[in-house]
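Taken in sequence, the protein lines are chains E and U.
Residue numbering for the first sequence follows our numbering, beginning at 1 and increasing consecutively.
Residue numbering for the second sequence follows our numbering, beginning at 1 and increasing consecutively.
Hints are supplied without guarantee of correctness; some may be wrong.
[Claimed, not checked] Derived pair list, reagent style DSS-like, types lysine-lysine, alpha-carbon separation capped at 27 Å:
hint	chain 1	residue 1	chain 2	residue 2
1	U	Lys-3	U	Lys-70
2	E	Lys-106	E	Lys-68
3	U	Lys-55	U	Lys-3
4	E	Lys-106	U	Lys-57
5	U	Lys-71	U	Lys-55
6	U	Lys-53	U	Lys-3
7	E	Lys-71	E	Lys-113
8	U	Lys-3	E	Lys-109
9	U	Lys-55	E	Lys-106
10	E	Lys-106	U	Lys-53
11	U	Lys-18	U	Lys-70
12	U	Lys-55	E	Lys-42
13	E	Lys-42	E	Lys-113
14	U	Lys-18	U	Lys-53
15	U	Lys-13	E	Lys-42
16	U	Lys-55	E	Lys-68
17	U	Lys-18	U	Lys-71
18	U	Lys-57	E	Lys-42
19	E	Lys-56	E	Lys-109
20	E	Lys-106	E	Lys-56
21	U	Lys-70	U	Lys-55
22	E	Lys-42	U	Lys-3
23	E	Lys-42	E	Lys-68
24	E	Lys-42	U	Lys-70
25	U	Lys-18	U	Lys-55
26	E	Lys-68	E	Lys-113
27	E	Lys-56	U	Lys-71
Bear in mind the hints are in silico, worked out from the structure with no lab data behind them.
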Amino acid sequence: GESVGLHLPTLSVQEGDNSIINCAYSNSASDYFIWYKQESGKGPQFIIDIRSNMDKRQGQRVTVLLNKTVKHLSLQIAATQPGDSAVYFCAETMGGGSQGNLIFGKGTKLSVKP
Amino acid sequence: DVKVTQSSRYLVKRTGEKVFLECVQDMDHENMFWYRQDPGLGLRLIYFSYDVKMKEKGDIPEGYSVSREKKERFSLILESASTNQTSMYLCASRSGAGGFEQFFGPGTRLTVL
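So here's chain E without its partners, still in its complex pose (with noise of 0.2 Å):
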């Protein structure tokens, strides 16, 4: 028979709220992550990247943080706007060639109350 996907973990939050998306990344070698949002019915856009020789870095509004000894990730969204209502995908990657390939989280979705 068909099978049946799994439900995705779902963030609600009211407009003009902070809201924290989290990720555990799998491979303690990666060395790069980003942070994707997709809105529906949309391709992937990248939002904001982080090395893994940095513990914090900051776009507008937005802010990722890397904790390499529990290997999450969290990117943190100021005064949320309905806009940013999308699925939220972390990716990490280990290097060059071949081990460039992103592996990518299962998703969360953020659905922001007016």
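Using the hints, position chain U against chain E.
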């Protein structure tokens, strides 16, 4: 801006048909990728290519093949479509000159009846 385009947004095919999904990028990227995306399973890599006429299997290549005759174009082929290949197919490209960010197309939602 990098632009990755896919030939169709929606496609409906019948079991056993041969299906071609086309992807074109306009930034002279060396690397191109095909993924499928299913609810709760994330993005799974089907095939990738580092150069013209070069291809490598990803994590789930069974039932698929690819073609890269020109640098800007990467085609995914379903030799004999089956219902379990109903999915969203995403193409991506990446520069070979440092950086690991992949740029994605809008996706093709394929339904196999």
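Q | Restraint status (C-alpha distance of Lys-106/E to Lys-57/U at most 27 Å) | A | Roughly 21 Å between the alpha carbons, so the hint for Lys-106/E and Lys-57/U holds.
Q) Going straight from one Cα to the other, do Lys-56/E and Lys-109/E come out at no more than 27 Å? A) holds (23 Å)
Q.
Does Lys-68/E sit within 27 Å of Lys-42/E, going by the straight-line distance between their CA atoms?
A. violated (31 Å)
Q.
Check the hint pairing Lys-70/U with Lys-55/U against an upper bound of 27 Å on the C-alpha distance.
A. holds (12 Å)
**Q.** Distance restraint between Lys-42/E and Lys-3/U, which requires alpha-carbon spacing of 27 Å or less
**A.** Judged against 27 Å, a Cα distance of about 13 Å means the pair holds.
Q. Taken at face value, is the distance from the CA of Lys-55/U to the CA of Lys-71/U at most 27 Å?
A. holds (12 Å)
Q. Given the hinted pair Lys-13/U and Lys-42/E, is their alpha-carbon gap at most 27 Å?
A. holds (21 Å)
Q: Could you grab the alpha-carbon distance between Lys-71/E and Lys-113/E and see if it respects the 27 Å cut-off?
A: Distance of about 31 Å is beyond 27 Å: violated.
(Q) Please verify whether Lys-106/E and Lys-68/E have alpha carbons no more than 27 Å apart. (A) Holds, at roughly 19 Å.
**Q.** Holds or violated: Lys-53/U to Lys-3/U, with C-alpha atoms at most 27 Å apart
**A.** Holds - the C-alpha atoms of Lys-3/U and Lys-53/U are around 21 Å apart, at most 27 Å.
(Q) Run the distance test for Lys-18/U versus Lys-53/U: straight-line Cα separation, threshold 27 Å. (A) holds (21 Å)
**Q.** Holds or violated: Lys-42/E to Lys-70/U, with C-alpha atoms at most 27 Å apart
**A.** Judged against 27 Å, a Cα distance of about 25 Å means the pair holds.
This entry does not satisfy hints 7, 10, 16, 23, 26, 27, going by the numbered hints stated previously.
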